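Participant: Going down the list, the sequences are from chains L and A.
Here the first sequence is numbered in the numbering used here, starting from 8 and rising by one per residue.
Here the second sequence is numbered in the numbering used here, starting from 8 and rising by one per residue.
Everything labelled a hint here was simulated from the structure, so no lab data went into it.
It is possible that part of the hints are untrue.
Each pair may be met inside one copy or between any two copies, as identical chains are not told apart.
What the hints assert, rightly or not - Keeping only pairs whose Cα atoms sit at most 27 Å apart, straight-line, the calculated DSSO-like set for lysine-lysine is: (1) K74 to K132; (2) K29 to K93; (3) K132 to K93; (4) K132 to K69; (5) K53 to K92; (6) K73 to K132; (7) K92 to K132; (8) K73 to K30; (9) K73 to K53.
If you're wondering where the values come from, they're calculated on a predicted model, not measured in any experiment.
Number of protein chains: 2
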Amino acid sequence: MDIRTLCLGVLTMGDATGYEIKKTFEDRLDLIFHASFGSIYPALNKLTDENLVSCREMSQEKRPDKKVYSITAAGRYRFLEEIMKKPAGDRFRSEYLATMMFSHLLPASTISQLIDERIADRTEKIASMLEDCPDRSPNSEQFMCGYGVAVYQAEIDYLNENRHLLEADALIGQRAAE
Amino acid sequence: MDIRTLCLGVLTMGDATGYEIKKTFEDRLDLIFHASFGSIYPALNKLTDENLVSCREMSQEKRPDKKVYSITAAGRYRFLEEIMKKPAGDRFRSEYLATMMFSHLLPASTISQLIDERIADRTEKIASMLEDCPDRSPNSEQFMCGYGVAVYQAEIDYLNENRHLLEADALIGQRAAE
DNA sequence: TCCGTTATATATCAAATCGATATATGATAG
DNA sequence: CTATCATATATCGATTTGATATATAACGGA
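Whenever a hint applies, use it, and build me the whole structure from the sequences.
Facilitator: Encoded structure:
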């Protein structure tokens, strides 16, 4: 499954421009699947070439022109083929956790600050998820929203209960450095 | 922070071959930072060119020759510089969750099976984490291990409590298709 | 008023990274 | 006897990132 496939998926939910697809990735899918402009625009061009989406250009007043994409019947079929495949394993990259892994090399104050910031960030993300995801949404979106909240809340709880492990390490490092 | 930096990080914990570094990523860092052979070997070559690591070749009986890498003083300094920087945001990609997002397009049996498999996988991962991460480990490793267990357990709990949301969607999709 | 930032919108490109493949040997399991 | 797994390194096409460029309008603060 690549970004082309995910663009098809977003388009099954309704027509959209490349910009709007990026917004959807940012707002609702970043927890699931990260994608940048540099991959979305080329993906849409290729999908258009393959007749999996159609594109109509619209000129706008007071806004740049835009290209609105619609998924075609062939596109829907292709998307179904793709999501029938066994999903590959998750791929995760967190510079934050990588930093924490080496907390014993950093000053205690830096570690504490990073943890505070993380908790604040996760708290914010939970709030915006709960706001954007009311009862009206389809079940799958509610599920995803709840999933995000559950995981982020687990992270917050864990940080609050175990931050002393890292803060102790950092203190030791600091003393050794003195 | 790139894979070169993380290789330096792994080498602060002791000398290792490229293969062993890959193992470390798989066994203990996959939750944190994904990396493949295709990026690790070139990373080590470049680090060697920059004198951030040194390399000694060792011929072995009954095993292929290997190259053991050690971090240099310059490497340690560079690594510290890198982890002092503000960490970039997490980058996540889960084909599994992407599939779940469109569960209403799939047969109910497929969804149920995927959820069962996910729970089994997470349960296994927790078990192996608890096994590999006893008290002897330094605080930061215990912290990471606990973090993984907490997040995976939250996922399992959430799936058990909310799988009906997706399974209901899939049933509806199935009826509509009939 | 002027200036910086944010939002809308598309496009491109070097650099980073993935994942598959190739090569070689020994051990272990079925 | 054969298949698979573990050790070990290397390469390469394809994918993806993240930064940058371009253009216009709105909005708020100094």
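Participant: Going through the earlier hints one by one, which of them does the structure break, listed in rising order?
Facilitator: Going through the list in order, the structure violates hints 1, 4, 6 and respects the others.
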